[in-house]
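*Asks:* First to last, the protein sequences are chains Z and U. Under numbering that gives the first Met the number 0, think of the first position of the first sequence as 0, with each following residue one higher. Under numbering that gives the first Met the number 0, think of the first position of the second sequence as 0, with each following residue one higher.
A portion of the hints provided could be inaccurate.
With a cut-off of at most 20 Å between alpha-carbon atoms, the simulated EDC-like pairs for lysine to aspartate or glutamate come out as follows [unchecked claim]: (1) Z:Lys5 - U:Asp21; (2) Z:Lys9 - U:Glu127; (3) Z:Lys5 - U:Glu121; (4) Z:Lys5 - U:Glu127; (5) Z:Lys9 - U:Glu96; (6) Z:Lys5 - U:Glu198; (7) Z:Lys9 - U:Glu200; (8) U:Lys15 - Z:Glu140.
If you're looking for bench data, these hints aren't it; they were derived computationally from the structure.
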Amino acid sequence: MITPLKALRKNRFKTALIFISMSVSIAAIFLISAISGGVVSMYSSMLKTDGDVIVTQKGIADTFFSDINRSLVSSIAPMEGVKEVSALILGAAPVEPLPIVGIYGVSENRFKSYTLKEGSYPSAGEVMLGSKIYETLKRPETILLSKQTFKVSGVFKSRIGFEDGGVVMNLSDAGELFHKSASIFLVSLSDLSRSDALVAEINALGNDLEAKTTDSFIDSYNQFKIIQTSSDVIGAMAFLMGILGIVSMMSMVVNDRKAEFGIMRSVGLSSGVIIGRLLSETLLIAIAAYAVALGASLGILELIEHADKFQGYINGEITAALMFNVFAVSVTMALVGTFLPALYASRIDPMSLIQRGGA
Amino acid sequence: MRIEAHALEHFYGHEKVLNGVDLVIEPGSFTAIIGESGSGKTTLLSILSTLLQPSRGSVRYDGKTFGELGNIDRFRRHNIGFVFQFHYLISYLTLRENVALAALDQTLVDPLLEALGIARLEGRYSDEVSGGERQRAAIARALINRPSVVFADEPTGNLDTKNALGVYELFKRFSIEGTGFVVASHDKKIADYADIIIEMEDGVVKQIHQR
Chain Z
0 MITPLKALRK NRFKTALIFI SMSVSIAAIF LISAISGGVV SMYSSMLKTD
50 GDVIVTQKGI ADTFFSDINR SLVSSIAPME GVKEVSALIL GAAPVEPLPI
100 VGIYGVSENR FKSYTLKEGS YPSAGEVMLG SKIYETLKRP ETILLSKQTF
150 KVSGVFKSRI GFEDGGVVMN LSDAGELFHK SASIFLVSLS DLSRSDALVA
200 EINALGNDLE AKTTDSFIDS YNQFKIIQTS SDVIGAMAFL MGILGIVSMM
250 SMVVNDRKAE FGIMRSVGLS SGVIIGRLLS ETLLIAIAAY AVALGASLGI
300 LELIEHADKF QGYINGEITA ALMFNVFAVS VTMALVGTFL PALYASRIDP
350 MSLIQRGGA
Chain U
0 MRIEAHALEH FYGHEKVLNG VDLVIEPGSF TAIIGESGSG KTTLLSILST
50 LLQPSRGSVR YDGKTFGELG NIDRFRRHNI GFVFQFHYLI SYLTLRENVA
100 LAALDQTLVD PLLEALGIAR LEGRYSDEVS GGERQRAAIA RALINRPSVV
150 FADEPTGNLD TKNALGVYEL FKRFSIEGTG FVVASHDKKI ADYADIIIEM
200 EDGVVKQIHQ R
């Protein structure tokens with residue numbers, strides 16, 4: 000590894016350019032994947048709280064558009080294996096001066112899933128604020144929501160960014176605000192083995208209802224698929240841009256070092272050795288770029304998480320699996336981007352390389 | 000190793016730089032190829048040393064054609080050494096690392112540096128030593144695998160008279176020990192050291208003198 004390091008040091012400027020190009024690409028892949036993964040994870044966590052089975056309006060693409068009759072809670076609650084049923088209205092509305100805020104209307108039995116920091120749970124005409132939005136709005140006593148004033152009854156803390164940056168109110172007030180009865184029911188079970196049977200029983204209640212286990216709902220939820228696909232596409236573009244950057248820079252490096260490779264061939268080193276040397280050089284850059292990109296991404300995610308502008312809604316997470324995957328992508332990027340220029344250099348007659356390369 | 004070239008022709012684009020060269024290099028001989036710039040010396044040397052493929056014609060090494068040699072890099076590493084006019088040491092490697100770069104037996108590096116009088120400079124880089132010392136390191140690199148034949152293209156082109164004579168003396172010394180040398184030069188002094196002198200002009204062999 001000493002020789003590749005010496006070669007990189009000798010070609011400092013181009014090494015720096017490749018390093019920057021790779022760092023930016025890897026950081027882009029990290030951030031895109033972490034943020035999209037964070038969105039999916041936050042929403043999944045929210046649904047999983049007290050929800051083993053989720054009930055929505057049949058055939059809706061997004062829970063925000065779902066509208067089901069909240070009176071059906073009384074039909075589901077007595078079913079065998081059901082521990083508790085809570086109804087939610089999921090909406091979004093401007094809260095002066097913020098252009099859009101997540102609004103959660105919840106039945107009273109769900110209030111307990113919010114950890115109060117101060118005050119009390121909301122009654123009619125009142126709201127409870129997540130700690131993030133409470134600070135963003137500078138600790139208000141009332142808020143203006145869709146031209147109606149609500150008193151702030153309490154503040155809760157949630158590790159889920161959507162909730163911590165959101166407004167919670169009782170189901171009736173939210174129903175009036177969004178003109179619907181309920182968006183979803185979250186059903187928690189006392190006997191998880193009955194989940195499939197219970198899903199069938201709920202679906203039999205009416206044509207307009209669709210019950211799924213939470214895991215099955217998350218797996219099939221269209222919005223998650225869209226987020227994941229978008230993330231994959233943008234990540235793939237960052238990967239391709241990274242490869243193109245490396246290919247173009249390595250082509251310049253190979254061009255600059257033709258004489259050196261010609262000398263290596265003239266002393267009998269094989270094409271494979273030359274390819275191996277170039278690959279080991281970019282591999283070293285890739286490892287360094289990966290480390291820097293990981294550190295930078297963690298820093299940027301931390302900044303985003305605490306930036307008022309994002310209201311806590313962007314909460315990226317870099318998991319061990321993501322770190323491993325991005326490392327594999329970084330190494331692949333380095334190797335693929337270097338291989339073609341290296342192969343080109345190794346195929347030319349040594350004397351031609353030396354004559355074209357100069358002293 | 001006996002090298003036989005037959006009807007060698009070579010083009011750079013449309014320009015013909017070798018025009019039907021036939022010659023034989025006997026094993027262990029000291030051969031000088033002399034001629035003016037543009038006479039085809041470098042191209043002939045490059046082809047004979049397997050660094051360049053001829054456009055036409057053939058070269059046989061102990062009776063084997065280029066295609067019959069197997070892995071050409073391996074063949075070159077075991078049998079051929081090359082010394083360039085501009086030393087062509089790799090600038091980010093020390094003199095020792097340059098010599099050790101292709102060494103099949105690393106234990107030979109230090110004795111060879113000692114024999115060539117550059118052992119004390121082994122940790123220096125090429126831009127930290129004189130032209131003569133650089134060329135000695137380049138010669139050491141060419142000799143490190145005890146090749147059958149060393150090709151040298153204008154090896155003294157960038158050296159003063161004293162250093163140039165030193166290089167010829169080195170070649171002669173190793174030639175006596177059995178290594179063949181084929182040296183292309185426009186310096187007539189090389190003739191004093193060579194057993195065979197091949198005179199080239201306009202891409203053809205004009206004369207061959209045997210001493």
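*Asks:* A separate judgement is required for each hint: does it hold in the structure or not?
*Replies:* Hint check results:
1. Z:Lys5 - U:Asp21: Distance of about 44 Å is beyond 20 Å: violated.
2. Z:Lys9 - U:Glu127: 15 Å, holds
3. Z:Lys5 - U:Glu121: 16 Å, holds
4. Z:Lys5 - U:Glu127: 16 Å, holds
5. Z:Lys9 - U:Glu96: With Cα atoms ~15 Å apart, Lys9 (chain Z) and Glu96 (chain U) stay inside 20 Å; holds.
6. Z:Lys5 - U:Glu198: Given pair Lys5 (chain Z), Glu198 (chain U) is violated - Cα atoms ~43 Å apart, limit 20 Å.
7. Z:Lys9 - U:Glu200: Violated - the C-alpha atoms of Glu200 (chain U) and Lys9 (chain Z) are around 41 Å apart, more than 20 Å.
8. U:Lys15 - Z:Glu140: Distance of about 93 Å is beyond 20 Å: violated.
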